[in-house]
Amino acid sequence: DQQVKQNSPSLSVQEGRISILNCDYTNSMFDYFLWYKKYPAEGPTFLISISSIKDKNEDGRFTVFLNKSAKHLSLHIVPSQPGDSAVYFCASSGSARQLTFGSGTQLTVLP
Amino acid sequence: NAGVMQNPRHLVRRRGQEARLRCSPMKGHSHVYWYRQLPEEGLKFMVYLQKENIIDESGMPKERFSAEFPKEGPSILRIQQVVRGDSAAYFCASSPLMENTEAFFGQGTRLTVV
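Here the protein sequences come in this chain order: A and B.
So this note's numbering is basically just the index in the first sequence, starting at one, shifted up by 277.
So this note's numbering is basically just the index in the second sequence, starting at one, shifted up by 69.
Incorrect hints may appear among the rest.
Claimed, not checked - Derived lysine-lysine pairs resembling PhoX-like cross-links, with alpha carbons at most 25 Å apart:
no., chain 1, residue 1, chain 2, residue 2
1, A, 331, A, 314
2, B, 96, B, 120
3, B, 113, A, 345
4, A, 348, A, 331
5, B, 120, B, 131
6, A, 314, A, 333
7, B, 113, B, 131
8, A, 282, A, 333
9, A, 314, B, 140
10, A, 345, A, 333
11, B, 120, A, 314
12, A, 282, B, 140
13, A, 345, A, 282
14, B, 140, B, 120
15, A, 348, B, 140
As the list claims (entries may be wrong) - Here are a few chain A residues that face chain B, going by a calculated C-beta distance under 10 Å:
no., residue
16, 281
17, 284
18, 288
19, 315
20, 319
21, 370
22, 374
The set of hints was computed from the structure by calculation and includes no laboratory data.
For glycine and all other residues, C-beta sits at the position ideal for the given N, C-alpha and C.
Okay, chain A solo, but in the shape it has when bound (with noise of 0.2 Å):
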């Protein structure tokens, strides 16, 4: 039972253009949302958050969007560079501290 999904296991985009990964959750009692970037032989390192009573979060050229009532969000990074090629995780927690995370999309950046 998959409560965070991340339906794309892969997209590429061109360097400068916008790369947009999304992610789906399950579980209405999740409040918090997060994203990690992973590069391989390395831990999962924070990128970006939103709690459920925001819609949208910025941070440079990362800009989380939450939609509560389709329990959806997504990760918009703009401009793409080649140095955000790794595997991205979005991740939920509620009540209870830990993570769920999703499987992961692996962006490359084209230069």
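Once you've looked at the hints, dock chain B against the given chain A.
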């Protein structure tokens, strides 16, 4: 200000041996979480601990796996009598006391059972 430290980075064990994975949380963090990542999959929650207490172990297999976070020293994830299916990357994360804040991850321990 050191991040979350895990050791060893790589661990090879023969079937039936014991594996001990260590995690030192970030300074000031009182919550520790262990996650496992199987090949081509996302991270799966295993156990959540505070100092000397297991808060939630709902993601941990009932047999052969145990975790502790003693008053002094690192958190330990222990796997007894390892099997091939235990081969995975094990990540530890820590977070501070307040809620709705990000967890910081260590670099992981890659366990290979041969």
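Going down the list of hints, with the structure as the test:
Taking the CA atoms of residue 331 of chain A and residue 314 of chain A, the gap is about 22 Å. The hint holds against a cut of 25 Å. A hinted pair counts as satisfied when its Cα atoms are at most 25 Å apart, and residue 96 of chain B with residue 120 of chain B qualifies at roughly 13 Å. The suggested pairing of residue 113 of chain B with residue 345 of chain A holds, with an alpha-carbon distance near 24 Å, which does not exceed 25 Å. In summary, the hint linking residue 348 of chain A to residue 331 of chain A is supported, as the alpha carbons are separated by about 13 Å, within the 25 Å threshold.
Of the supplied pair hints, the one linking residue 120 of chain B and residue 131 of chain B holds, its CA atoms being roughly 21 Å apart against a limit of 25 Å. In summary, the hint linking residue 314 of chain A to residue 333 of chain A is supported, as the alpha carbons are separated by about 19 Å, within the 25 Å threshold. At most 25 Å may separate the alpha-carbon atoms for a hinted pair to count; residue 113 of chain B and residue 131 of chain B meet this at roughly 15 Å. As the CA atoms of residue 282 of chain A and residue 333 of chain A are separated by approximately 20 Å, the hinted pair is consistent with the 25 Å bound.
Distance restraint check for residue 314 of chain A and residue 140 of chain B: the Cα-Cα separation of roughly 32 Å exceeds the 25 Å cut-off, and the hinted pair is therefore not satisfied. At roughly 11 Å between alpha-carbon atoms, residue 345 of chain A and residue 333 of chain A fall within 25 Å of each other, so this suggested pair holds. A C-alpha spacing of about 28 Å is found between residue 120 of chain B and residue 314 of chain A, which places the hinted pair above 25 Å, so the restraint is violated. Restraint check for residue 282 of chain A and residue 140 of chain B: the C-alpha separation of about 37 Å exceeds 25 Å, so the hint is violated.
Using a Cα cut-off of 25 Å, the hinted pair residue 345 of chain A and residue 282 of chain A holds, with the two alpha carbons roughly 15 Å apart. Taken as a hint, the residue 140 of chain B and residue 120 of chain B pair is honoured in the structure, with Cα atoms around 6 Å apart against an allowance of 25 Å. Of the pairs offered as hints, the one joining residue 348 of chain A and residue 140 of chain B is violated, with about 40 Å between alpha carbons and a cut-off of 25 Å exceeded. The interface hint given for residue 281 of chain A is met, as the beta carbon of that residue sits about 8 Å from the closest beta carbon of chain B, less than 10 Å.
Hint status for residue 284 of chain A relative to chain B: violated, with the closest Cβ pair at about 13 Å, above 10 Å. Interface hint at residue 288 of chain A: violated, since its Cβ lies 16 Å from the closest Cβ of chain B, which is beyond the 10 Å cut-off. A cut of 10 Å between beta carbons decides the hint on residue 315 of chain A: the least distance to chain B is about 9 Å, and the hint holds. About 6 Å separates the beta-carbon of residue 319 of chain A from the nearest beta-carbon of chain B, less than 10 Å, and the hint is met.
For residue 370 of chain A, the suggested interface contact is upheld, since its CB lies about 8 Å from the closest CB of chain B, less than 10 Å. The beta carbon of residue 374 of chain A is positioned within 10 Å of a beta carbon in chain B (closest approach about 6 Å), and the interface hint is therefore held.
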